[in-house]
Structures are given as structure tokens and as C-alpha cells.
Amino acid sequence: MKQTILFLTLLLTFLSACTNDSGKQVEEVAADGKIASIIRSPVTAEGLKDTINVARMVFEETTYDFGEVSEGEVVTKSFRFKNTGKVPLIINGARSTCGCTVPTWPKEAIPPGGTGEIDVQFNTAGKQNEQKKPVTITANTYPSETVVHVNGFVKAKPGSTPTQ
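In the numbering used here, the protein residues as written are 1043 to 1206.
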């Protein structure tokens, strides 16, 4: 009898500890003196996806063809985007496949409806022929990575040898 009461007490304790309060709101925290919504991951541990209440980066264009340039020139492009999502857009980083392509991105949050730019510089020194340089942007979007491309043709300098 004592074991049954103990078992039921433990079972009741565990069940009451496992409640799921679905009425919780997105919390706000103070960051640098400003109120900011907590960054939410659209994928939960259960594999559920919330693709509605996330930031969205919509680019004016995702591929830039710089045409034909001479080896040694530096090509620059600003990829403009708009946050069409429901929460502030936070870009965590941007990277390329090599050191010749360098992206810079806004470090501050882009509010819903706000715009921004990702600037990409491609240094053609030591590069020849067709070039395709992807830049991967990581943000609080779904999916979390977005890729933009810088493409074109690099004419070799007379007497130079290609590295890539």
C-alpha cells in the first residue's frame, strides 16, 4: 500500500512538472539600453518549424555578373535587401569560399520593413578566366543561410600565371 501511494505521488509530481504552457509570449530583454525581442529559432527540438514568425531577407538580386575585367582589378557590389519578416533581422555573419572575396554586413538589427546592404569586394589579383564567387549569409531567417553570387570573367595580365 505504501509503495502504491509513493508511486502515485511520484507520478503526479513528474506529470505536473511536465506542463506545457503554450500561452507564453515572446519575452523582451534589455540589450544595450534597448528593448529587443529574443531571437527565436524556427526549428524546435521536436522538429517543428515556425516559418511565419521569422525575419525574411528579400534581395533585389542574388547574382551579380561583373562582365569582363582585367586581372588585378577590385570588383565591388552592394546587394540590397529588405526585411519582409515579422521580427527584426539579425545577420550573424557572411563568408565566402576564399580570401579574395570579402563581404561586409550591417551589425545592427534591421526592423521589419527595413532595408540594408551586404557589400562584397572581389579582388581579381592572381585570378584568371571564369570566376564564380558565392557569399553565404547566416541570419535569423528560415532557412538560416542565403547565398548571393558574384560572377564574371577575368582577363589575364600578359606574362602572368593563373592561381585559380
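Simulated from the structure, these hints should not be mistaken for lab results.
You may find that some hints are simply not true.
[Unchecked claim] Here are the computed distance ranges between Cβ atoms for each label pair:
1. Thr-1180 / Met-1043: 55 to 65 Å
2. Glu-1187 / Gly-1156: 19 to 29 Å
3. Glu-1088 / Asn-1193: 37 to 47 Å
4. Pro-1185 / Glu-1088: 14 to 24 Å
5. Met-1043 / Pro-1185: 11 to 21 Å
6. Asn-1134 / Gly-1114: 29 to 39 Å
7. Pro-1154 / Val-1189: 44 to 54 Å
Glycine included, C-beta positions come from ideal geometry on N, C-alpha and C.
CB of Glu-1088 to CB of Asn-1193, is that within 37 to 47 Å?
40 Å, holds
Does the beta carbon distance between Pro-1154 and Val-1189 stay inside 44 to 54 Å, or does it fall outside?
Taking Cβ atoms as reference, Pro-1154 and Val-1189 lie about 23 Å apart, which means the hint is violated.
In this structure, is the beta-carbon distance linking Asn-1134 and Gly-1114 contained in 29 to 39 Å?
Holds, at about 33 Å.
Quick check: does the Cβ-Cβ distance between Met-1043 and Pro-1185 fall within 11 to 21 Å?
57 Å, violated
Pro-1185 and Glu-1088, beta-carbon distance inside 14 to 24 Å?
The hinted range 14 to 24 Å holds for Pro-1185 and Glu-1088, with Cβ atoms some 18 Å apart.
Given a hint of 19 to 29 Å, does the C-beta separation of Glu-1187 and Gly-1156 actually sit inside it?
Holds, at about 20 Å.
Can you tell me whether the CB distance of Thr-1180 to Met-1043 sits inside 55 to 65 Å?
59 Å, holds
In this structure, the earlier hints numbered 5, 7 are contradicted, and the remaining ones agree with it.
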